[in-house]
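Number of protein chains: 4
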Amino acid sequence: MTPTEKRQRLRAILNGTETISPATVFDALSARVAEAAGYSCGILSGSVSAAIVLGAPDMALQTLSEFAHQVRSITRASDLSVFVDADQGYGNALNVMRTVEELEHAGLAGLAIEDLVMPSRFGVHGALELISIPEMLGKLKATLAARRDPSLVVIARTAALRVEPLEKVVARVREYATSGVDGIFLSGLKTLEQLDAVRAVVTLPITLGSAPGMNRSDLAARGVRFHLQGHAVLAACAKAMQDTYTHLLAGNGPDGLQPILAAPEVMARVLKVADYEQWEKNYLN
Amino acid sequence: MTPTEKRQRLRAILNGTETISPATVFDALSARVAEAAGYSCGILSGSVSAAIVLGAPDMALQTLSEFAHQVRSITRASDLSVFVDADQGYGNALNVMRTVEELEHAGLAGLAIEDLVMPSRFGVHGALELISIPEMLGKLKATLAARRDPSLVVIARTAALRVEPLEKVVARVREYATSGVDGIFLSGLKTLEQLDAVRAVVTLPITLGSAPGMNRSDLAARGVRFHLQGHAVLAACAKAMQDTYTHLLAGNGPDGLQPILAAPEVMARVLKVADYEQWEKNYLN
Amino acid sequence: MTPTEKRQRLRAILNGTETISPATVFDALSARVAEAAGYSCGILSGSVSAAIVLGAPDMALQTLSEFAHQVRSITRASDLSVFVDADQGYGNALNVMRTVEELEHAGLAGLAIEDLVMPSRFGVHGALELISIPEMLGKLKATLAARRDPSLVVIARTAALRVEPLEKVVARVREYATSGVDGIFLSGLKTLEQLDAVRAVVTLPITLGSAPGMNRSDLAARGVRFHLQGHAVLAACAKAMQDTYTHLLAGNGPDGLQPILAAPEVMARVLKVADYEQWEKNYLN
Amino acid sequence: MTPTEKRQRLRAILNGTETISPATVFDALSARVAEAAGYSCGILSGSVSAAIVLGAPDMALQTLSEFAHQVRSITRASDLSVFVDADQGYGNALNVMRTVEELEHAGLAGLAIEDLVMPSRFGVHGALELISIPEMLGKLKATLAARRDPSLVVIARTAALRVEPLEKVVARVREYATSGVDGIFLSGLKTLEQLDAVRAVVTLPITLGSAPGMNRSDLAARGVRFHLQGHAVLAACAKAMQDTYTHLLAGNGPDGLQPILAAPEVMARVLKVADYEQWEKNYLN
Numbered sequence: 440m441t442p443t444e445k446r447q448r449l450r451a452i453l454n455g456t457e458t459i460s461p462a463t464v465f466d467a468l469s470a471r472v473a474e475a476a477g478y479s480c481g482i483l484s485g486s487v488s489a490a491i492v493l494g495a496p497d498m499a500l501q502t503l504s505e506f507a508h509q510v511r512s513i514t515r516a517s518d519l520s521v522f523v524d525a526d527q528g529y530g531n532a533l534n535v536m537r538t539v540e541e542l543e544h545a546g547l548a549g550l551a552i553e554d555l556v557m558p559s560r561f562g563v564h565g566a567l568e569l570i571s572i573p574e575m576l577g578k579l580k581a582t583l584a585a586r587r588d589p590s591l592v593v594i595a596r597t598a599a600l601r602v603e604p605l606e607k608v609v610a611r612v613r614e615y616a617t618s619g620v621d622g623i624f625l626s627g628l629k630t631l632e633q634l635d636a637v638r639a640v641v642t643l644p645i646t647l648g649s650a651p652g653m654n655r656s657d658l659a660a661r662g663v664r665f666h667l668q669g670h671a672v673l674a675a676c677a678k679a680m681q682d683t684y685t686h687l688l689a690g691n692g693p694d695g696l697q698p699i700l701a702a703p704e705v706m707a708r709v710l711k712v713a714d715y716e717q718w719e720k721n722y723l724n
Numbered sequence: 440m441t442p443t444e445k446r447q448r449l450r451a452i453l454n455g456t457e458t459i460s461p462a463t464v465f466d467a468l469s470a471r472v473a474e475a476a477g478y479s480c481g482i483l484s485g486s487v488s489a490a491i492v493l494g495a496p497d498m499a500l501q502t503l504s505e506f507a508h509q510v511r512s513i514t515r516a517s518d519l520s521v522f523v524d525a526d527q528g529y530g531n532a533l534n535v536m537r538t539v540e541e542l543e544h545a546g547l548a549g550l551a552i553e554d555l556v557m558p559s560r561f562g563v564h565g566a567l568e569l570i571s572i573p574e575m576l577g578k579l580k581a582t583l584a585a586r587r588d589p590s591l592v593v594i595a596r597t598a599a600l601r602v603e604p605l606e607k608v609v610a611r612v613r614e615y616a617t618s619g620v621d622g623i624f625l626s627g628l629k630t631l632e633q634l635d636a637v638r639a640v641v642t643l644p645i646t647l648g649s650a651p652g653m654n655r656s657d658l659a660a661r662g663v664r665f666h667l668q669g670h671a672v673l674a675a676c677a678k679a680m681q682d683t684y685t686h687l688l689a690g691n692g693p694d695g696l697q698p699i700l701a702a703p704e705v706m707a708r709v710l711k712v713a714d715y716e717q718w719e720k721n722y723l724n
Numbered sequence: 440m441t442p443t444e445k446r447q448r449l450r451a452i453l454n455g456t457e458t459i460s461p462a463t464v465f466d467a468l469s470a471r472v473a474e475a476a477g478y479s480c481g482i483l484s485g486s487v488s489a490a491i492v493l494g495a496p497d498m499a500l501q502t503l504s505e506f507a508h509q510v511r512s513i514t515r516a517s518d519l520s521v522f523v524d525a526d527q528g529y530g531n532a533l534n535v536m537r538t539v540e541e542l543e544h545a546g547l548a549g550l551a552i553e554d555l556v557m558p559s560r561f562g563v564h565g566a567l568e569l570i571s572i573p574e575m576l577g578k579l580k581a582t583l584a585a586r587r588d589p590s591l592v593v594i595a596r597t598a599a600l601r602v603e604p605l606e607k608v609v610a611r612v613r614e615y616a617t618s619g620v621d622g623i624f625l626s627g628l629k630t631l632e633q634l635d636a637v638r639a640v641v642t643l644p645i646t647l648g649s650a651p652g653m654n655r656s657d658l659a660a661r662g663v664r665f666h667l668q669g670h671a672v673l674a675a676c677a678k679a680m681q682d683t684y685t686h687l688l689a690g691n692g693p694d695g696l697q698p699i700l701a702a703p704e705v706m707a708r709v710l711k712v713a714d715y716e717q718w719e720k721n722y723l724n
Numbered sequence: 440m441t442p443t444e445k446r447q448r449l450r451a452i453l454n455g456t457e458t459i460s461p462a463t464v465f466d467a468l469s470a471r472v473a474e475a476a477g478y479s480c481g482i483l484s485g486s487v488s489a490a491i492v493l494g495a496p497d498m499a500l501q502t503l504s505e506f507a508h509q510v511r512s513i514t515r516a517s518d519l520s521v522f523v524d525a526d527q528g529y530g531n532a533l534n535v536m537r538t539v540e541e542l543e544h545a546g547l548a549g550l551a552i553e554d555l556v557m558p559s560r561f562g563v564h565g566a567l568e569l570i571s572i573p574e575m576l577g578k579l580k581a582t583l584a585a586r587r588d589p590s591l592v593v594i595a596r597t598a599a600l601r602v603e604p605l606e607k608v609v610a611r612v613r614e615y616a617t618s619g620v621d622g623i624f625l626s627g628l629k630t631l632e633q634l635d636a637v638r639a640v641v642t643l644p645i646t647l648g649s650a651p652g653m654n655r656s657d658l659a660a661r662g663v664r665f666h667l668q669g670h671a672v673l674a675a676c677a678k679a680m681q682d683t684y685t686h687l688l689a690g691n692g693p694d695g696l697q698p699i700l701a702a703p704e705v706m707a708r709v710l711k712v713a714d715y716e717q718w719e720k721n722y723l724n
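Protein chains in written order, with our numbering: chain A, 440 to 724; chain B, 440 to 724; chain C, 440 to 724; chain D, 440 to 724.
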């Protein structure tokens with residue numbers, strides 16, 4: 440599947456009628472397992488990538504190059520349509536242009552640029568700060584202008600619900616929508632009323648990061664097309680690592696681990712052993 | 440801990456009296472979890488790195504740069520003494536010199552160079568082939584000469600037990616030991632008798648990749664200091680991924696996943712959140 | 440210009456009637472200067488990349504990742520159709536597939552795979568050795584199969600003229616042409632008669648690395664479409680560096696260097712300062 | 440030479456009595472030519488690296504990873520003590536810590552962190568803005584804390600002379616000196632009086648970026664130990680490229696280029712051909 444086809448598939452979801460959740464993926468192995476499980480879309484957030492690459496919390500410490508390297512590992516290994524949370528775009532509007540260039544090149548299907556001040560400013564690291572509406576519009580226009588493939592999906596992400604009163608949030612979203620972006624990402628949503636207020640001013644498809652107590656049909660009816668579900672898979676891997684290491688360090692052999700391991704034939708399938716053996720037959724004989 | 444200190448710790452294990460097993464690690468997260476579990480040594484094999492980075496089987500398809508990038512992710516995030524299986528050294532003896540340069544720079548504590556022909560030659564991909572003894576001696580001397588830090592541990596790895604009769608294996612090992620390497624790595628060991636035969640001609644510490652049916656005290660008594668236990672953690676992560684993805688794709692919410700997730704406080708500890716918060720207090724206020 | 444458009448431009452040259460020479464380029468700056476000078480095609484050879492990245496001679500010491508990194512620097516900065524000499528494809532036929540994957544992703548327009556044994560084998564490093572015809576056919580088929588964009592140009596390069604009698608060379612070329620490659624690259628050509636002998640058996644466009652004493656119309660009449668002219672620009676830069684460093688180290692100020700420097704307005708043009716200033720106006724205000 | 444030895448050599452220059460100028464270097468080739476010319480110190484500025492890697496002007500568009508990649512290319516190929524202008528440290532004080540980690544790992548000898556707001560803020564891109572003194576002190580302390588090797592040289596760079604009245608500049612420098620840095624870098628110096636005013640409050644060695652109309656003995660007498668001379672070598676290479684490309688594109692053969700090329704024996708020396716041939720003899724035979 441070409442990058443453009445992956446982008447068109449994501450676009451079709453946004454322009455459809457259902458609410459879809461992507462799999463959190465972060466390396467070639469997770470991409471392959473997610474694909475084998477039946478997923479067609481993946482997401483890599485800055486926080487997950489920072490944990491895998493740096494072992495660091497979500498504090499804007501990873502470079503764009505490091506992030507793009509992980510994206511590429513996923514897109515090379517799978518046909519997933521990969522969406523990323525590109526944080527604030529790694530700097531000002533001109534840095535955003537490079538972010539789009541690098542991530543588009545890495546093969547992703549869509550990205551969100553957020554209106555948060557990142558990294559934290561001196562003296563105010565405890566609080567969330569939003570950039571101004573004109574600054575965010577500059578970033579969104581820069582994002583759209585920097586695309587080479589017009590099918591690349593661009594989403595305006597706002598953290599305003601966590602900082603500002605609802606009417607200001609609505610005003611922001613209305614402005615963001617004028618930039619030509621393909622969708623709006625609301626983080627920190629708490630109620631369906633907030634969602635209704637936003638939907639009253641924009642018709643763009645909505646992406647949500649969390650939706651406490653809301654069911655999928657309520658979300659679908661309100662234009663939510665992409666619904667992130669957190670990044671549990673990272674903690675699941677951490678537990679699997681911990682269980683394995685603790686078992687072995689206690690002097691037990693690897694045999695006792697069988698119940699918590701993927702079967703060898705599953706591993707062979709996700710590593711595409713049959714494909715490589717076929718290539719050996721075709722080209723190395 | 441400096442790279443030299445990490446190397447000296449590995450050296451002390453090889454020169455000690457016990458048999459130690461390292462944790463298989465492959466990214467910053469696994470390195471942190473292994474360290475938290477109590478490990479002081481880690482191993483990254485080419486096969487595990489290829490699975491994580493490429494989603495590919497163990498067929499010498501990964502570049503030295505990709506492998507070094509993963510090593511660096513581990514050494515940056517942890518104080519583990521990292522040992523790697525550097526396959527055949529990524530080419531001829533001059534490529535071996537670059538391999539040592541890049542991997543030493545990435546911060547590892549020790550590496551093994553193996554006497555296998557890799558990648559498979561045209562027409563013979565099904566069978567294991569060994570390089571000649573003089574060629575292997577050239578590679579080992581190149582490895583030793585390319586070290587900048589003399590504390591970097593260099594191990595000669597042989598697959599001869601899987602290919603040649605025992606007396607030829609013994610002859611190989613005796614020759615390899617003359618190069619000045621710090622230890623011998625025997626892959627494919629099946630019996631204690633094989634081990635005894637090797638020990639009769641060399642006093643160097645032994646590394647093993649598998650030791651079916653042998654117990655640790657038998658190994659320790661025969662000079663085995665480093666005993667790899669396979670790479671179960673990769674299959675454990677694959678199963679954790681699969682369980683998570685299957686659960687979520689079936690429409691269940693993330694809440695039901697709690698039993699298979701590392702607790703938030705565990706995640707905070709392995710991501711060193713407290714350190715970063717302290718640095719924010721110290722330098723961003 | 441998209442990668443596909445760059446590839447189609449290179450393809451049009453190969454299928455045209457003229458003999459074209461590409462500019463040797465190796466980083467973003469050289470790519471921009473070449474483009475400004477009027478070039479539409481660039482070439483990066485392994486030897487030039489090794490000199491820039493490693494300071495090493497042409498001995499297959501650079502990794503595929505390092506080479507792809509340089510290619511990407513060129514393709515990101517310019518619209519040149521970039522052709523590369525990908526040596527032996529960095530290993531066996533399966534490694535060739537990765538080479539194609541990585542270099543195609545880096546945005547190149549065409550690549551040549553050569554029939555030389557690389558890196559040098561133990562004990563025979565002084566002499567050129569060719570791989571067998573079936574092995575080369577396996578590599579060429581693997582190259583063609585690994586392309587994602589069918590417009591990517593694939594050339595079979597042979598060093599046979601430097602090793603074998605002419606009739607064997609002709610036999611090789613005839614076989615290589617059956618694989619479906621887009622052209623034949625002859626290195627070490629000495630006479631027009633050699634060229635005529637090859638042209639008697641294949642109609643594919645020819646690429647040449649050197650053509651001592653032959654003029655362009657003779658070459659064009661015999662199907663030569665791409666003619667490399669060596670990599671003088673690297674030695675020109677080395678001399679410019681040497682002149683600059685020697686001048687300054689002797690205690691002379693930078694002012695005396697003006698005659699050997701590109702003018703500030705030239706530098707501003709190749710660094711696209713006007714574009715960036717326009718983007719600042721559009722998106723940062 | 441180990442990284443620590445390279446750092447101690449730079450430290451000895453700062454603590455000496457002479458004014459030294461480093462060579463601007465940006466890849467392995469330039470590092471080798473500079474070393475062959477007699478330089479022991481090199482400098483890589485963000486602007487030069489951005490030109491080589493991105494073909495972009497000096498607008499903070501390059502990632503830390505890209506910059507570190509170029510540094511590593513220089514330090515791997517040469518024994519130069521490499522000093523870098525690390526701009527604002529690629530973000531806030533926590534990003535500065537990663538900058539130190541990555542650049543120290545890349546093998547540099549010293550770095551300067553500057554008190555400029557970078558990248559340009561929305562709406563104010565035309566003007567230089569300084570961060571506050573407390574913010575800069577936080578960054579300097581973070582830099583010093585993030586060093587693993589205490590011999591790594593840390594310099595506080597200020598652009599205050601280009602923005603503030605002299606008494607404010609002096610106050611800044613006095614504060615910066617309290618952080619424990621190894622030196623002060625003044626950019627935009629216009630007169631010896633400015634230098635005298637700074638020297639009246641600090642005894643730390645001074646680094647200068649330009650010193651119009653001042654001679655070396657005046658500078659040495661005032662504690663200037665490191666004096667950058669601009670980056671003419673980049674424009675010299677651009678002219679060499681332009682001359683070569685123009686010559687060849689006009690249909691002239693490479694032979695006519697001899698006068699502007701480094702001789703083959705010079706190229707062989709900077710590419711260390713003799714070393715590699717010796718290694719082939721030692722390890723590949």
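Fair warning: there could be bad hints in the mix.
Just so you know, same-sequence chains aren't split out, so a pair can sit in one copy or run between any two.
In silico DSBU-like cross-links for lysine-lysine, where the CA-CA straight-line distance does not exceed 30 Å [stated by the list, open to error]:
hint, residue 1, residue 2
1, 711, 607
2, 580, 720
3, 580, 629
4, 580, 711
5, 580, 607
6, 607, 720
7, 607, 629
Just so you know, the hints here were simulated from the structure itself, not pulled from any lab data.
So, going through the hints one by one against the coordinates:
no., hint, result
1, 711 / 607, "neither (51 Å within a copy, 36 Å between copies)"
2, 580 / 720, "between (50 Å within a copy, 12 Å between copies)"
3, 580 / 629, "within (29 Å within a copy, 40 Å between copies)"
4, 580 / 711, "between (41 Å within a copy, 20 Å between copies)"
5, 580 / 607, "within (21 Å within a copy, 39 Å between copies)"
6, 607 / 720, "between (63 Å within a copy, 27 Å between copies)"
7, 607 / 629, "within (16 Å within a copy, 49 Å between copies)"
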